[in-house]
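J.: In case you want the letters, here they are:
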Amino acid sequence: MDPVERAIAASLRERSDLPARPADAAAIEVAAFGRRRRRRFLQVLGTGLTAVLIVGGVATFGEGGSARVAPPVASSTAPAVVPWVDTPGVITSPSYAPSPVATARFSACTADQLTALPDTSGAATGNLGDTLTFRNSSTSPCSLSGYPTSLVGTSRGQQATLDARHGTFFDQMTEDPSNLQPGQTSNLVIGTDEHCIYGPQVGQPAKTPRMYDAVEVGVPGGGVVHSPANFDGACGTSVSTFGQIPDFAQKLVSPYPGLSATLSLPRTAVAGEVLHYEVTLINRTDQTIRLEPCPTFVVSTFTDLSNHDAYALNCAVVGELSAGTARVFAMELMTPTHLGLTKFGWSIPTAGITLNGSFTIE
Amino acid sequence: MSELTAKPGNIWVVAGVLGVGGEMSDDHWEDFQPFVRARWTALLRFGTVLTGDPNSAADLVQDALERTGSRWPSVRQKQDPEGYVRRTMVNRHVSDWRRERREVLVEEPAERPATPDSGDLSSLVWDVLATLPAKQRAVLVLRYYEDLSEAEIAVVLGCSTGTVKSQAAKAKEKVRLAMIARLEDTWTR
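So the protein lines, in turn, are chains R and P. Position 144, counted from 1, in the first sequence is what the working numbering calls 144; the numbers after and before it change by one each time, with no gaps. Position 7, counted from 1, in the second sequence is what the working numbering calls 7; the numbers after and before it change by one each time, with no gaps.
Chain R extracted, bound-state conformation (with noise of 0.2 Å):
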């Protein structure tokens, strides 16, 4: 996916927003009515009982399609908003699911019996990362190991010779070698800012996007592969070695399977005051999702220099989300003294959840 495609995806999944759960047939029916039936069958019922109740549910959440969140509670009466704790969070690495790795060596892949195209298949953790995908083009299998030789993109037309620094966000989850019988794929990726800002920054002039269509990549069994390619490199990249790069999206194994979240943050903070602000997380699924570990929140800002720190969730108020709810959590923070656009960002890494925003600071 190129970032454009990724922002579609991300926005139509997100802002997909959540329905009043039909936790019986009431709600169904109320709902299957629709608006302009749901009048009609009041005034058949009157102001009946449940689905008063219901109807003010669905009507909240229907309002203006926006990212908020209503909690889908059958009565007017929202859960309050969880207070905010400063307890500092103990950050611990993603759990993949493994997969298999071939133990077998074969002598090392070169460039002619390799093909390379972007990969399509979108991980959507929020970290940008662009994958391209190696197949065995040959009928030898062979292996493909470490980091590229060399790494030349396109852009406009104009070849430039890509630094790029060794290991990205996603080279944990890398398993190299990358052992490919004929047919079969190993993946390659080039890391990216996602919180690049373009802007002027102190001592930096400003940055303008760099998009390179196409790459050259240089393999250590010789040789270059081309591949189009669709990345913006003005904030610097990084590279990871050959590997088998786990669907993220299906292999991770949260602790909390099914819990989502979204972020409501001013447009405005001032600097070195507390920046109020709220993420709400919801729980789709038809299962209660316990918060069992307490989930480690990370909260980043990124101004002239990245700022990250962890807290735990205020389980103490909230330890458990029922089947289709959603709870509001206030959320602090000491706002940067730099002044201007500040990027933001709030994931729990372990449940795979990455929000992101900006403000400017005044």
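Calculated from the structure, these hints are not laboratory results. There may be inaccurate statements among the hints.
[Unchecked claim] No farther apart than 30 Å at their CA atoms in a straight line, the calculated lysine-lysine pairs in the DSSO-like style are these:
| no. | chain 1 | residue 1 | chain 2 | residue 2 |
| --- | --- | --- | --- | --- |
| 1 | P | K174 | P | K135 |
| 2 | P | K174 | R | K343 |
| 3 | P | K165 | P | K135 |
| 4 | R | K343 | P | K172 |
| 5 | P | K170 | P | K135 |
| 6 | P | K172 | P | K135 |
Position chain P against the provided structure of chain R, taking the given hints into account.
T.: Same frame as chain R, but now just chain P:
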């Protein structure tokens, strides 16, 4: 309204889904009701991304279920009855959009109220999607929400894969331009 008194339990549900005059045998009734119960939420989510509005989505789902319910004995024989409902929703939405567009042509689109988090990328993209013609939006929803291939989308929409590609390209270009405009706006702020 005879359906409302003919069945035990929550008769209103299926009666509402079937609409006036719908008829269904007991077997089919008992089969259709669990289907609606089980898939309602998913269909409503799909309708929301398709129409951009949960209320329109609820109407669209009901409309599709009315049509599906009246033909349930044959629909349930299909391998993928839910897919049938979704295809019905897509086609109804596209044709409704065309009809409504003919009825109400405005020179300038109505100003959309800013959402509380309109500063983030997701809001920006969602707002752009709301301005797309229904068919272009449907292509994006089927591709990036339903994860259908271009060939599968062509089948759903009853058009060629070339049309799917061109509609997707036009829609993505609008999103791309909006993203660039946002970048430039940020840049010059």
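J.: Going through the numbered hints above, which ones does this structure break? Give me the numbers in ascending order.
T.: none
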